[in-house]
Amino acid sequence: MPEVVIQTENLTKRFGDFTAVDEITFEVFKGEIFGFLGANGAGKTTAMRMLTGLSNPTSGKATVAGFDVYKQPENIKKNIGYMSQKFSLYEDLTVMENLQFFGGIYGLSDNQIKQNSEALIQELSLQNQAKKLVADLPLGWKQKLAFSVAIFHNPKIVFLDEPTGGVDPSARRQVWDLIYAAADKGITVFVTTHYMDEAEYCNRISIMVDGKIAALDAPGNLKKQFSTHSMDDVFYQLARGATRNE
Amino acid sequence: MRTLKILLQKEFRQIFRNKIILGITMVMPVMQFIILPLAANFEIKNINLVVVDHDHSVDSRKLLSDITSSGYFRLIDYDNTFDEAYKYIERDKADVILEIPADFERNLVREGSQKIFIAFNAINGTKAGLGASYLGTIASNYNKNILIGLMPSIKNENKAGIDVVPLDWFNPQRNYKLSLIPGILGMLVTLVGGFLTALNIVKEKEIGTIEQINVSPIRKKDFILAKLIPFWILATVIFTIGLILSYFLYHIVPRGNLLILYAFVAVYLLAILGFGLLVSTYCDTQQQAMFIMFFFMLIFILLGGLFTPIESMPLWARAITKLNPVAYFINVIRMVMLKGSSFKDILPELGAVSIMAVVLNVWAGLNYKKKM
Numbered sequence: 000m001p002e003v004v005i006q007t008e009n010l011t012k013r014f015g016d017f018t019a020v021d022e023i024t025f026e027v028f029k030g031e032i033f034g035f036l037g038a039n040g041a042g043k044t045t046a047m048r049m050l051t052g053l054s055n056p057t058s059g060k061a062t063v064a065g066f067d068v069y070k071q072p073e074n075i076k077k078n079i080g081y082m083s084q085k086f087s088l089y090e091d092l093t094v095m096e097n098l099q100f101f102g103g104i105y106g107l108s109d110n111q112i113k114q115n116s117e118a119l120i121q122e123l124s125l126q127n128q129a130k131k132l133v134a135d136l137p138l139g140w141k142q143k144l145a146f147s148v149a150i151f152h153n154p155k156i157v158f159l160d161e162p163t164g165g166v167d168p169s170a171r172r173q174v175w176d177l178i179y180a181a182a183d184k185g186i187t188v189f190v191t192t193h194y195m196d197e198a199e200y201c202n203r204i205s206i207m208v209d210g211k212i213a214a215l216d217a218p219g220n221l222k223k224q225f226s227t228h229s230m231d232d233v234f235y236q237l238a239r240g241a242t243r244n245e
Numbered sequence: 000m001r002t003l004k005i006l007l008q009k010e011f012r013q014i015f016r017n018k019i020i021l022g023i024t025m026v027m028p029v030m031q032f033i034i035l036p037l038a039a040n041f042e043i044k045n046i047n048l049v050v051v052d053h054d055h056s057v058d059s060r061k062l063l064s065d066i067t068s069s070g071y072f073r074l075i076d077y078d079n080t081f082d083e084a085y086k087y088i089e090r091d092k093a094d095v096i097l098e099i100p101a102d103f104e105r106n107l108v109r110e111g112s113q114k115i116f117i118a119f120n121a122i123n124g125t126k127a128g129l130g131a132s133y134l135g136t137i138a139s140n141y142n143k144n145i146l147i148g149l150m151p152s153i154k155n156e157n158k159a160g161i162d163v164v165p166l167d168w169f170n171p172q173r174n175y176k177l178s179l180i181p182g183i184l185g186m187l188v189t190l191v192g193g194f195l196t197a198l199n200i201v202k203e204k205e206i207g208t209i210e211q212i213n214v215s216p217i218r219k220k221d222f223i224l225a226k227l228i229p230f231w232i233l234a235t236v237i238f239t240i241g242l243i244l245s246y247f248l249y250h251i252v253p254r255g256n257l258l259i260l261y262a263f264v265a266v267y268l269l270a271i272l273g274f275g276l277l278v279s280t281y282c283d284t285q286q287q288a289m290f291i292m293f294f295f296m297l298i299f300i301l302l303g304g305l306f307t308p309i310e311s312m313p314l315w316a317r318a319i320t321k322l323n324p325v326a327y328f329i330n331v332i333r334m335v336m337l338k339g340s341s342f343k344d345i346l347p348e349l350g351a352v353s354i355m356a357v358v359l360n361v362w363a364g365l366n367y368k369k370k371m
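Line order of the protein sequences matches chains A and B. Taking numbering that gives the first Met the number 0 as reference, the numbering of the first sequence is continuous, increasing by one, and the terminal residue is 245. Taking numbering that gives the first Met the number 0 as reference, the numbering of the second sequence is continuous, increasing by one, and the terminal residue is 371.
Just so you know, the hints here were simulated from the structure itself, not pulled from any lab data. Among the hints, a few may not be true.
[Said to hold, decoys possible] In silico DSS-like cross-links for lysine-lysine, where the CA-CA straight-line distance does not exceed 25 angstroms:
id, chain 1, residue 1, chain 2, residue 2
1, A, K77, B, K219
2, A, K77, B, K204
3, A, K85, A, K131
[Claimed, not checked] Below, a sample of chain A positions facing chain B; criterion: calculated Cβ distance under 10 angstroms:
id, residue
4, F25
5, Q84
6, T93
7, E96
8, F100
9, F101
10, G102
11, I104
12, G240
Yeah, the Cβ is synthetic: ideal placement off N, Cα and C, and Gly gets one too.
So here's chain A without its partners, still in its complex pose:
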């Protein structure tokens, strides 16, 4: 039995009358790439915000990296990385300065920061860009850098909220190469996406409809279950039943 790193039980978030996330229950295992799919407004981001300690659940239980989301959010924060939908590195700092900053606030020593950044800059071939402001990098580079910053402190779990939104196909491919490399190192990846081809890269995926988890399995099994050959079809069949307007 693989180690469970994220576990939720009837996790719910209500905003007034509106139930954004409705009693979701699932488990994520160590080292897997877990795809979190759903139409816009299905509740993906809200669920992710509860798991990362950005938002308090209304009811239900959840543990992340072994810590309770209600009682130990600060412990969770030490063990996770997060890449938000909005690009959120400091554009008025250089690549190196961003690495120093984010490494530093997660408690890496100056030496570690130096070693890690050298390795990272090598890996992303950013040698000529290291001293440039992040604002001057093309979007594809920015996303790769943002992902690398999210796992810079070597967290147990990394949460990615649409990491490839608005990025060209070749840069998307490169971001996914980085995601695979991280998973190989044992980092659990929790990723939301709208691209069905990306869903195929995941070990297991869940599809949210109207705040509930409508399906959860390996992509191959889901295709079998819905007797189709494409993930697109699986998604259409499920999302068609959605009543929630965007």
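With chain A's structure known, arrange chain B on it following the hints.
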């Protein structure tokens, strides 16, 4: 400690990289110090005067020459009737009409008294008020001279009546610059401290980087301190530039102890920065923060006692100024710079500002949430 150091390093890098903001914060005090005291002159000059002289006597002409030679008045016209003169007021060409009645000289000699009539264009209240008091002073001086001329004997006698001799302490030349400059210092420090702090934090919300901070293990306390310290230092630097400029440009030397001045500024800045921080916790965009700060700053500065004395405000307005940090600042700066007040003298103000600093920062701290 290390987290704080890293946060501060980042803040300073960003501040020094934003050349426009940095430039403005440095140029602003210089411009304000050069331009404001020269332009925002509290002395009124060039009061436009129209004279209606029905008397045409030696004495009336002498009074007029006293008035025009005072340097405060500019004679626009010399009319025969009040109605003609009034047209100047209607067209806004004149501020004052001085009407000298026909029997001016005769009554003055015979009865020892004579009334003159002054009409003011009160659209510009300050100009009208000051003009009236200048005219009054000139006329009363003229009176005395007349009396002495008519009855030389009273020169040696003990004149009945009370002669008020004003003696302006602490600012003997009544140099308005002396009282304006502490106010400009206060405005500068308040603007830099309050606005920049509020905008800086809201900017992180707007571009989304605050989320990256909120999912990290950074403690609220460290984040807030890292936002306050840079602007605390920046505002103190600007205060120092202001003091140096006021010395070189206007030869103003603080009479009191500089340490007392800086101790007060340090605490005052905590209150202002706390205020900026508090505003930022309630705003999601820089636009909102800007408008809210502007709203409060206008009230703080207008009710701060810089342009109009607090003592002459209505009771309810004076009650408001008890909550106005800028009022305490201007008061203390004037006390220490002009009067040389000691630490003990400013204790009440220091106490009030300390309470504000604590309340505002605690409130802001409680209201700043890492969660949404």
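Checked hints:
At roughly 15 angstroms between alpha-carbon atoms, K77 of chain A and K219 of chain B fall within 25 angstroms of each other, so this suggested pair holds. Pair hint K77 of chain A plus K204 of chain B holds up; C-alpha atoms about 22 angstroms apart against a cutoff of 25 angstroms. A threshold of 25 angstroms between alpha carbons decides the hint, and for K85 of chain A with K131 of chain A the separation of about 21 angstroms falls inside it, so the pair holds. Using the Cβ-Cβ criterion of 10 angstroms, the hint placing F25 of chain A at the interface with chain B is not satisfied: the shortest such distance is roughly 21 angstroms.
Interface hint at Q84 of chain A: satisfied, since its Cβ lies 8 angstroms from the closest Cβ of chain B, which is below the 10 angstroms cut-off. Evaluation of the T93 of chain A hint against chain B yields a held restraint, the C-beta minimum of about 9 angstroms falling below 10 angstroms. The interface hint given for E96 of chain A holds, since its Cβ lies 6 angstroms from the closest Cβ of chain B, which is under the 10 angstroms cut-off. Interface restraint check for F100 of chain A: the shortest CB-CB distance to chain B comes to about 5 angstroms, inside 10 angstroms, so the restraint holds.
This hint holds: F101 of chain A has a C-beta 8 angstroms from the nearest C-beta of chain B, less than the 10 angstroms allowed. A distance limit of 10 angstroms between C-beta atoms decides the matter here; for G102 of chain A the minimum to chain B is near 9 angstroms, and the interface restraint holds. Satisfaction of the interface hint for I104 of chain A is found here, the shortest Cβ-Cβ separation to chain B being roughly 5 angstroms, below the 10 angstroms cut-off. A distance limit of 10 angstroms between C-beta atoms decides the matter here; for G240 of chain A the minimum to chain B is near 29 angstroms, and the interface restraint is violated.
Checked against the numbered hints given earlier, the structure breaks hints 4, 12 and satisfies all the rest.
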